[in-house]
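Asker: What follows is each chain in one-letter form.
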Amino acid sequence: MNRFFASRPGTWAGFAAAAAVLFGLAPLVLSGFRLGLLAQFLCYAIVAVGIGLAWGRGGMLTLGQGVFFGMGAYLMAMHLKMADAAFRNGPGAVPDFMELAGIRELPAYWAPFASPVFTIAAILLLPTGFAVLLGLAVFKRRVKGAYFAILSQALAGAFAILLIGQQSLGGFNGLSRFRYFFGYNLDDPVNQQMLYYIAAGVLLAAVAIALQLRRSRYGELLLAVRDAEARVRFLGYDAANIKTVAYATAALFASVAGAVFVPIVGIISPASIGIVPSIMFLLGVAIGGRATLLGPVLGALAVYWAQTTLSEQFPSGWVYAQGLLFVLVIALLPGGIASITALAKRIPTKRAPAEAAA
Amino acid sequence: MDLLVGQLFTGLSTGSILLLAALGLSLTFGQMGVINMAHGEFIMAGCYTAYVVQQIAGDAGVSLLIALPLGFAVGGAMGLVLEALLIRHLYHRPLDTLLVTFGVGLILQQVARDVFGAPAVNVSVPPALRGGVDLLGVTVPKTRLFIMGLAIVAVTAVALVLRFTPAGRRIRAVVGNRDLAETAGISSRAVDAGTFFIGSGLAGVAGVALTLIGSTSPTTGQSYLVDAFLVVVAGGLGRIKGAVVAAVALGATQAVFETYSTASLAKVGVFIVIVVFLQLRPQGLFTLRTRSLA
Amino acid sequence: MNTIALTCTDITVDFDGFKAVNGVDLELARGEVHFLIGPNGAGKTTLVDAITGLTPYTGSVTKDTPGTGAVELRGKKVHHIARTGIGRTFQTATVFDNLTVAQNLDIAAGAHRTPWTLLRRRRHLPETVTATMDRIGLTGHADTPAGILAHGQKQWLEIGMLLVGDADVLLLDEPIAGMGHDERETTGRLLHDIAADRAVAVVEHDMDFMRAFASRVTVLHAGAVLATGSVDDVSTDPRVQAVYLGTKETADAHTA
Amino acid sequence: MPQRSTITRLARATGAAAAACALLATAACGSRAGEETQAAESCVDTSGDTVKVGALNSLSGTMAISETTVRDAIYLAVDEINAAGGVLDKKIEIVAEDGASEPTVFAEKAEKLIREDCVAAVFGGWTSASRKAMLPVFEDNDSLLYYPVQYEGLEASENIFYTGATTNQQIIPALDYLAETGVKSLYLVGSDYVFPRTANAIINAYAEAHGIEVLGEDYVTLGSTEFSTIVNQVKSAGADAVFNTLNGDSNVAFFREYANVGLTAEQMPVMSVSIAEEEVGGIGVENIEGQLAAWNYYQTVESPANAAFVAAFKAEYGADRVTSDPMEAAYTSVHLWAATAEKAGSFAVADIQGAADGVSFDAPEGTVVIDGANHHVTKTARIGEISADGLLHTVWESEGAIEPDPFLDGYDWAADLTVSK
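Protein chains in written order, with full-length UniProt numbering: chain A, 1 to 358; chain B, 1 to 294; chain C, 1 to 256; chain D, 1 to 421.
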């Protein structure tokens, strides 16, 4: 009985250690630029936590997380542009890029984003709500597996194309040039460090939520749906609802990650959210171990770090490496790096991917 | 009136391009449940086959005639290798196959970039296919008529092979019931390899044909892939008939949206139509109804 | 007298013109272990699929629950049918391989839980779960992942999952496939034990098992009911002898 | 511990985290809006005998096709300057980075070049999206970017020097040329992004003021190869000319379809603003021969400076390579930076900005002069015709170099079009 009643004091220690590294060590040893990069990677890691939940635990291959990432990012960017315009030209002023594009009147759908409260609520609710609707629409009709993967991928493609066509959202160029973040100057290094802390805090919170979901009865149920969806339905559960919860949670994480990403990186454009970036979100998750709690986080950090360092020296070599990583890790090591440690400990592989990093 | 005829034609023409790109997928995805994201790169390989043949043969007409069967062989061979090295070992993990083949696609794209260079290369259109034909008051480019014809030939050939040859019967038996076919002494492994060969070969043929209207660059295949998948999803698994109807319907939907709004919105419109459609027919247009566990 | 728990009237399942089940009437009574037999392709599993909502059909299936009355099941969703108390197993035992026996049963017991309960950790096992583990003889395996259980144990676990879920009509698809002699005996006794206050239907090929444990037998052939009655009634029925018992040897070989 | 509910523990964890964050927040809050921010200290080190500059181009991704050629031109210019003794007696050392065709990567790498590599200036960027992404980085860190590609105008940052054409040096001359040749109606075709949309807004305003009718305006998604509908519409509209702002591979499909429905350059010429020497080969000369393009430079421009540039480029990168407008602008940008530094006697950003006005360079396209007010350069506009050899030959050129006017302040008809800076 112990195995699943035992609380894990290790969890606390783990969180404490992670917090110490993120909040204490990293700012000490990294330059402002490198810390900014790390903050950006932490945003990708937040997305990865959600993918780990939906794909690793729930079996839903979400090839379209760029949609939710993009929604959060654009919602935040709209607020930052509004605040910027208001600061320079008074409330209700038209953001600078619209002036240049010849748009004189503020489009009606922009107006509410002058309010920080509305913006934060929208970041939390809009993508999540959209995910719930879409999830129910497809899962209730038992669209799953490959069908779901392709649909979510097409969604990412359609969303990017839709954004490119919207001049009032910056079109292909996207939104950039943010000066203030809720009243703070973005060019101040102290405030940039603050953004890093926010990203780190959000990541820890996302991991904590994912941990709770995994340990709860819901987490067992989600795994059950992944492994034998029909069985779950014949036990009287509505599997669509169970999947939708995980899908919507992943969407929420992606949205918040996007919202934090925008002030850190200073731009969001359709190029960051289309089909290819959406699939790239999966690479780190697969490498780290899709079904584990921390595998996706560490995998995402490692992949983006490698991309930044390697692509500086070997731009075309990095593309080969990316391709090979997809092929080798997923074909030969579906449990990711986490399954190596599990094998080393001689835990039966069947349960190892699910438990190893918890 | 002219515009309407033009639209009708455009729908058919776009549909036949989609169909060429999707026909091979319909076989591999439909029959084996394997999602081959490198299918687009097989199309791209077909394009470069046409390019290389033209560099050697010189004459555009002769080289097109050589490139069509050769494109089939090149695409098919790549498919066989992929099947034997990777896909065969992943049949029970279709979603992983998707990601693995995405990785393969990345590599193939970069190979094309390193071998042929990143800029687009030019494959000349044979003089006989240049210009257009006046039909019902609109000028129809001959290249598009050729592609329509090729699509019809390809579909007919696949249908005939499936229906009348021993190999085709074996393929259909495996699709119908893999286990039963195994017990009847059909090697599903050989059938899978054969299916993959034909499906990938069709991608190569599509690539050769597409050089007539589009550009040939390392990313050429990608642009067709998502649409091709949507055709297969909307058409239903394992049904050539479904792929044909879905391709033409999607082509027409796109053409209509494009006329009355912008091309960007047309893409979004097509996506919405498909999601709504899947609400009505979750398993696509035509489905094989068999006893199965949900 | 035993009460009828499930009534099927004129069930027809049409696969693109092929009638896999053709006008079947069937009644399942509480207290009985009711065997459905017939050669391959007779429509046994398809019938179970239809009752549980997996396959569309024409006709009617009503579930009679004491206190609630009769409910029509046709047109309901799979999980709604399951919630009326109809449970089924599959030809290959389908359990959650990555979860432990206790977790499997806990999930099966929880279809009525609130979202709030689901989002919290389990602090102790429900009593029905511990009791059922005892009943299916898996108490010693509570913490074993279901994936590494022996074949027979998986099938018991699957039946146990229906029990904790309060199913009172159990449709079991080849529950003894791959079991040894002793396991069959145990399973047979288990079936009679649980049939005391439930209706149990068993799809089976094994004739010896059927003779030993059937309270009632329905023979299906080519999608239609050939005969219904006690084991003796059915085995003396000339039509059954003609189409089915002639293939007895093959059928036995199949399960061996 | 076993009895304690997870919820309680989570609540505590959250509480603790929130407290920690609050503590950090109060301890570590920087300046608020409106307050002065302490500008980051420049780390450029010029004490040695070299000076570092950045080259930031896409070497991977969709834009690598074009941007690698720009990279080559930057290296050529740096080699030339170093061979002639360097700038302020220091050799130039290039730190190269890959923009990977993604705006976020451009922003990230620009920041790295400035803050980690401490470069004195950065050369590169191609798409407007990449420039827009880098702009705040250069402004916040007070550093310099030299951007070598024609673009949609409406921008003038203190921290960017624009050495490609702005709209009044490319699009307006192209329209002038068409009007001169008697074009009375136009059809506009473009890719759906910022440059074509801005260009077409300018064209519409110009057309209205000059009595030209715009018969249609169509956009396709970037990379689209489906032109059946659009070309049929172009044909049935029967305009005198087509103004083409399509990007990249879309041009291949467009021109093939255009030729196939029987449209020719004589009948309905196409004026393109994104097709240079590099692209002609991929489209196929037979599909595009006789069509027009508007740029400031062609490989065929006759001048001693260009003869030297083309010869040096072919010697370095191979006889089969061609030179094009963005390459020339990139090559020129490096020389302009060097000349400005020499004039200022310093590599400091403020000194370069101060000395920039009036700095000139005898570029392959003709002499260019920096306009200190808007950081653009004077450029000669040229209309070229694509010939059977795959090169473009000048058929018309502006009288002398045109002063840059990124906000079109000097054009009355454009008054409604943009908000002046």
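Just so you know, the hints here were simulated from the structure itself, not pulled from any lab data. The reader is advised that the hints may include incorrect statements.
[What the hints assert, rightly or not] Derived BS3-like pairs: lysine-lysine, alpha-carbon spacing no greater than 27 Å straight-line:
| no. | chain 1 | residue 1 | chain 2 | residue 2 |
| --- | --- | --- | --- | --- |
| 1 | A | K144 | C | K76 |
| 2 | A | K144 | C | K77 |
| 3 | C | K77 | A | K140 |
| 4 | A | K144 | B | K241 |
| 5 | D | K91 | D | K343 |
| 6 | D | K52 | D | K90 |
| 7 | C | K76 | A | K140 |
| 8 | C | K19 | B | K241 |
| 9 | B | K241 | B | K142 |
Just so it is clear, the structure is predicted and the values come from calculations on it, not from any experiment.
Asker: For the pair supplied as a hint, K52/D and K90/D, confirm whether the alpha-carbon distance does not exceed 27 Å.
Answerer: Holds - the C-alpha atoms of K90/D and K52/D are around 10 Å apart, at most 27 Å.
Asker: Please verify whether K144/A and K76/C have alpha carbons no more than 27 Å apart.
Answerer: Holds - the C-alpha atoms of K76/C and K144/A are around 21 Å apart, at most 27 Å.
Asker: Are the Cα positions of K91/D and K343/D separated by 27 Å at most?
Answerer: holds, 17 Å
Asker: Would you check the hint for K144/A and K77/C, treating anything up to 27 Å between C-alpha atoms as holding?
Answerer: Holds: K144/A and K77/C sit about 17 Å apart, inside 27 Å.
Asker: Within 27 Å, alpha carbon to alpha carbon, are K144/A and K241/B?
Answerer: holds, 23 Å
Asker: Given the hinted pair K76/C and K140/A, is their alpha-carbon gap at most 27 Å?
Answerer: Judged against 27 Å, a Cα distance of about 13 Å means the pair holds.
Asker: For a C-alpha distance cap of 27 Å, please report whether K241/B and K142/B respect it.
Answerer: Since the Cα atoms of K241/B and K142/B sit roughly 26 Å apart, the hinted pair holds (cutoff 27 Å).
Asker: Given the hint that K19/C pairs with K241/B, test it: the Cα-Cα distance must not exceed 27 Å.
Answerer: holds, 24 Å
Asker: For the pair supplied as a hint, K77/C and K140/A, is the alpha-carbon distance within the 27 Å limit?
Answerer: Judged against 27 Å, a Cα distance of about 10 Å means the pair holds.
In summary, the structure agrees with every hint in the numbered list given earlier.
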